[in-house]
Amino acid sequence: RKEVEQDPGPFNVPEGATVAFNCTYSNSASQSFFWYRQDCRKEPKLLMSVYSSGNEDGRFTAQLNRASQYISLLIRDSKLSDSATYLCVTSYGNKLVFGAGTILRVKS
Amino acid sequence: GAGVSQSPSNKVTEKGKDVELRCDPISGHTALYWYRQSLGQGLEFLIYFQGNSAPDKSGLPSDRFSAERTGGSVSTLTIQRTQQEDSAVYLCASSSPGLMAFFGQGTRLTVV
Chain A
7 RKEVEQDPGP FNVPEGATVA FNCTYSNSAS QSFFWYRQDC RKEPKLLMSV YSSGNEDGRF
67 TAQLNRASQY ISLLIRDSKL SDSATYLCVT SYGNKLVFGA GTILRVKS
Chain B
11 GAGVSQSPSN KVTEKGKDVE LRCDPISGHT ALYWYRQSLG QGLEFLIYFQ GNSAPDKSGL
71 PSDRFSAERT GGSVSTLTIQ RTQQEDSAVY LCASSSPGLM AFFGQGTRLT VV
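Line by line, the protein sequences are chains A and B.
Note that the first sequence covers residues 7 to 114 in our numbering.
Note that the second sequence covers residues 11 to 122 in our numbering.
Just chain B, same shape as in the assembly (with noise of 0.2 Å):
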């Protein structure tokens, strides 16, 4: 497609599950981000990933929260044993180096 692609669009699970959420960006993009917002709340940035480079995991919250990226395409966001401050919606974001950043629709995540 020719946008950001993120999966599922709607995720709920049970407090102390992992859940995976994942990230196609847009073809070519070599620079991508993850997001955290919160209801009526600013985006939280995660980590972001450029290229070859060492992501920088400087917003990852706690060590519950882990990201990779394969072949410098797809992403996955891991969350392991999950707690009810995790439900919020997780954005994804595409961009060429320092230019315009594309956002995906968001998965919104809901531990109960």
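Here chain A stands alone, though its shape is the one from the complex (with noise of 0.2 Å):
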């Protein structure tokens, strides 16, 4: 079983919608939890953290179930420019897994 699950998409939704992701984890002693966002031929960069609260940033959601060892993305209102690849990642120790990542795609 990989560390850190993914569906790997694509998810095609029209500008607008509400699209949500999820991913699953192995390891119950992960402290830290984030998710990325890659742009084509990008590198990843940071999107937000998560935290065991939840936390928003503006359109966008984030939920940690410890119970069930999984992470949520929750994006509303979609923009065109959302388009991209989604990374979960969690810790493993002191180490960073990134999941192999959830592809979307926003159409007009």
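Note that these hints are calculated values from the structure, not bench results.
For every residue, glycine included, the Cβ atom is placed at its ideal position computed from N, Cα and C.
Do not take every clue at face value.
As the list claims (entries may be wrong) - Chain A side only, calculated, beta carbon under 10 Å to chain B, not exhaustive:
id	residue
1	Pro14
2	Asn28
3	Ser34
4	Gln37
5	Ser38
6	Phe40
7	Gln44
8	Arg47
9	Glu49
10	Lys51
11	Thr91
12	Gly107
Could you fit the two chains together into a complex? Lean on the hints.
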């Protein structure tokens, strides 16, 4: 089993839609959680950290479910510019482990 | 500089040659990662350095790949006797332990 698993997609959604991605992780002792965004031919960049109580940044909401060992990312009112690959990241000891990513395509 | 710096940004090499890729992490970051990404694929973990601990080399695909980190700062990834399947973007990232990682812009390696 992979340490971090994501649905690769692609998720094809119209502008304005709400879309959610889930990610599961295998290490119950993981302490740190993040979502990264990677645009085509660019390096991954931090989108947001994920906190136990859940957190929101504008149109983006991240949630953590420790009991079920999954993380979610909700994007409301999707924009064309949200099209990218979204990477789920957890810690394994001090080491960060990246999922393979979920592709989002927002279409007009 | 303030960010992770990788060099060269592009490298074209002939099959069978050795190449060295360099990564300058963010100052003070004790953790350093190397990843490989082939076109249209996800990140493939290669190696992880944390402070003075023995590196986690579990992702290195063959003994042609090696990496070192001198003085806990700059890292070099070496690929010996390059093959065409080594063509990819090689990404370096650094972080404080367990905290968010910052990536360099990568080195695009093409083996011809």
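Cut-off 10 Å, beta-carbon criterion: hint that Ser38 (chain A) touches chain B
holds, 5 Å
Under 10 Å is the threshold here; is the Cβ of Gln44 (chain A) close enough to any Cβ of chain B for the hint to stand?
At about 8 Å, which falls below the 10 Å cut-off, the nearest Cβ of chain B leaves the hint on Gln44 (chain A) intact, so it holds.
For the hint on Pro14 (chain A), does the least C-beta distance to chain B fall short of 10 Å?
This hint holds: Pro14 (chain A) lies near chain B, its Cβ roughly 8 Å from the closest one there, short of 10 Å.
Does Gln37 (chain A) meet its interface restraint, that is, does its C-beta lie within less than 10 Å of any C-beta in chain B?
At about 6 Å, which falls below the 10 Å cut-off, the nearest Cβ of chain B leaves the hint on Gln37 (chain A) intact, so it holds.
Given Thr91 (chain A) as an interface hint, is the shortest Cβ-Cβ distance to chain B below 10 Å?
holds, 8 Å
Hint check: is the beta carbon of Lys51 (chain A) less than 10 Å from a beta carbon of chain B?
Result: holds, 7 Å to nearest chain B Cβ.
Holds or violated: is the Cβ of Gly107 (chain A) closer than 10 Å to a Cβ in chain B?
holds, 5 Å
With chain B as the partner, please determine if Glu49 (chain A) meets the hint condition of a C-beta pair closer than 10 Å.
holds, 4 Å
When the least beta-carbon distance from Phe40 (chain A) to chain B is tested against 10 Å, hint result
holds, 6 Å
Can the hint on Ser34 (chain A) be confirmed by a CB-to-CB distance to chain B that is less than 10 Å?
violated, 16 Å
For the restraint on Asn28 (chain A), tell me whether the closest CB of chain B is nearer than 10 Å.
Given a least distance of 16 Å, the restraint on Asn28 (chain A) is violated.
Verify the interface restraint on Arg47 (chain A): the C-beta must sit less than 10 Å from at least one C-beta of chain B.
holds, 8 Å
Hints 2 and 3 from the earlier list are contradicted by this structure; the remaining hints agree with it.
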